[in-house]
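Number of protein chains: 2
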Amino acid sequence: MSETQMPTARTRLVREADRAVYDREAVYRILDEGFLCHAGFVVDGQPFVIPTSYGRRDASLYIHGSAASRMLRQMQMPMNDGAPVCITVTLLDGLVLARSVFNHSMNYRSVVILGKATLVDDREEKLAALRILSEHILPGRWDDSRQPNERELKATSVLRVPIEEFSAKVRVGPPIDDEEDYAFPTWAGVVPLEMVAGKPIDDARLLPGQSVREYARDYTRKRQSK
Amino acid sequence: MSETQMPTARTRLVREADRAVYDREAVYRILDEGFLCHAGFVVDGQPFVIPTSYGRRDASLYIHGSAASRMLRQMQMPMNDGAPVCITVTLLDGLVLARSVFNHSMNYRSVVILGKATLVDDREEKLAALRILSEHILPGRWDDSRQPNERELKATSVLRVPIEEFSAKVRVGPPIDDEEDYAFPTWAGVVPLEMVAGKPIDDARLLPGQSVREYARDYTRKRQSK
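Those protein sequences? They're chains Z and P, same order as listed.
Just so it is clear: in the first sequence, position 117 is 117 by my numbering, and no numbers are missing.
Just so it is clear: in the second sequence, position 221 is 221 by my numbering, and no numbers are missing.
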């Protein structure tokens, strides 16, 4: 089941419209492979862009942080029922080497979400959102960890951003050169790029008998395609 | 030679001040290992965050794109000698698994630059900036490519963002748990993450005898430390 979102004037791609993706399931696949977003907000006309992790369930994206953080305080400004934010997720897949300098490019998948963030302040909802965040980043880890206590819950702010106004942009495949450039004598092609996990590093203070869990040993962001 | 930048009220880290880096050479090392930034700008009060590649030379960061792109048009609004922008570069180094959910974290290095972008419109300066961009992403590639012609130069906008008001944030090392949590029976440690290049993929229309260049075969972002 797939729903195609009509772009708004703010999310319609002006350039390279052939790279545009407005399909909700395709956007979810990108969001579910990533876990780091760049969150944009505005203070006194100045934009700020801050990297932070996120989780997704259904049409909700959650971010969290210290209740004292500038980003989270700005994003939930109560006086105007949520400040406008932009959440961008980018997966980089490769360098695209064309014959001409001009046609060099990158293969990537990115999602831009515009919206207003709202504070998740109900205790149970906040706990559920933190679990979604944790499971999004590292499935299985939540149950293996010491659960949040009341002090920690209070010290943490969770914001929800609705996945309503969004667009995605995807480039795949080989370089596309101008026809006459195919005669230019150079190498052309793609250098694939991928985020990979290395061998887990044991903490120095592990209790005896605690060995690395499977979810940490075989960590990958690749998801089964449906 | 290293210069320490005094943070401004806008770049001073409010939280986790122990992770703050204001040293210019350390910031350059992060900027030189990365090549993808997230650029923030504001349109009618709405922040936009767009991924784009960049290059650096000295205290200048360059981004480029189609002269028709929304981002580049917005960022160089001539009526107010440059719109405020934010350029953020994030290198993700690992997942940090603590005993408590609360102390989970990530290892990363990020730089935030605030400033105003100015259009590079002198022809020679624009060409030099495009070369800086190209060499930043893939050293050696420029000379192996068909050079930009006048039409392509006109179709490309290059913006310069001064690296003047900036901060960086770095987290390295193992999880830090609350003292009483070290008795909690679970695995803890770090899952290292790294962006790695795969085997280059030949374009289907390569001329006979064109084999992959060394810079594409041995691609890495790791730089020699000085």
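Just so you know, not all the hints are guaranteed correct.
Copies of the same chain are indistinguishable here, so a pair counts whether it falls within one copy or spans any two.
[What the hints assert, rightly or not] Straight-line alpha carbon distances no greater than 20 angstroms define the calculated EDC-like cross-link-like pairs of lysine to aspartate or glutamate that follow:
1) 116 / 33
2) 222 / 32
3) 154 / 181
4) 222 / 44
5) 222 / 93
6) 154 / 178
7) 126 / 152
8) 222 / 194
9) 116 / 93
10) 116 / 44
11) 126 / 143
12) 154 / 177
13) 116 / 214
Hints listed in this document are in silico derivations from the structure and should not be mistaken for laboratory results.
Being a predicted model, the structure only gives us computed values, none of them experimental.
Structure-based check of each hint:
| no. | hint | result |
| --- | --- | --- |
| 1 | 116 / 33 | neither (23 angstroms within a copy, 33 angstroms between copies) |
| 2 | 222 / 32 | within (9 angstroms within a copy, 28 angstroms between copies) |
| 3 | 154 / 181 | between (61 angstroms within a copy, 19 angstroms between copies) |
| 4 | 222 / 44 | neither (39 angstroms within a copy, 37 angstroms between copies) |
| 5 | 222 / 93 | both (12 angstroms within a copy, 18 angstroms between copies) |
| 6 | 154 / 178 | between (58 angstroms within a copy, 17 angstroms between copies) |
| 7 | 126 / 152 | within (12 angstroms within a copy, 51 angstroms between copies) |
| 8 | 222 / 194 | both (10 angstroms within a copy, 15 angstroms between copies) |
| 9 | 116 / 93 | neither (29 angstroms within a copy, 30 angstroms between copies) |
| 10 | 116 / 44 | both (17 angstroms within a copy, 14 angstroms between copies) |
| 11 | 126 / 143 | within (16 angstroms within a copy, 54 angstroms between copies) |
| 12 | 154 / 177 | between (55 angstroms within a copy, 18 angstroms between copies) |
| 13 | 116 / 214 | neither (37 angstroms within a copy, 47 angstroms between copies) |
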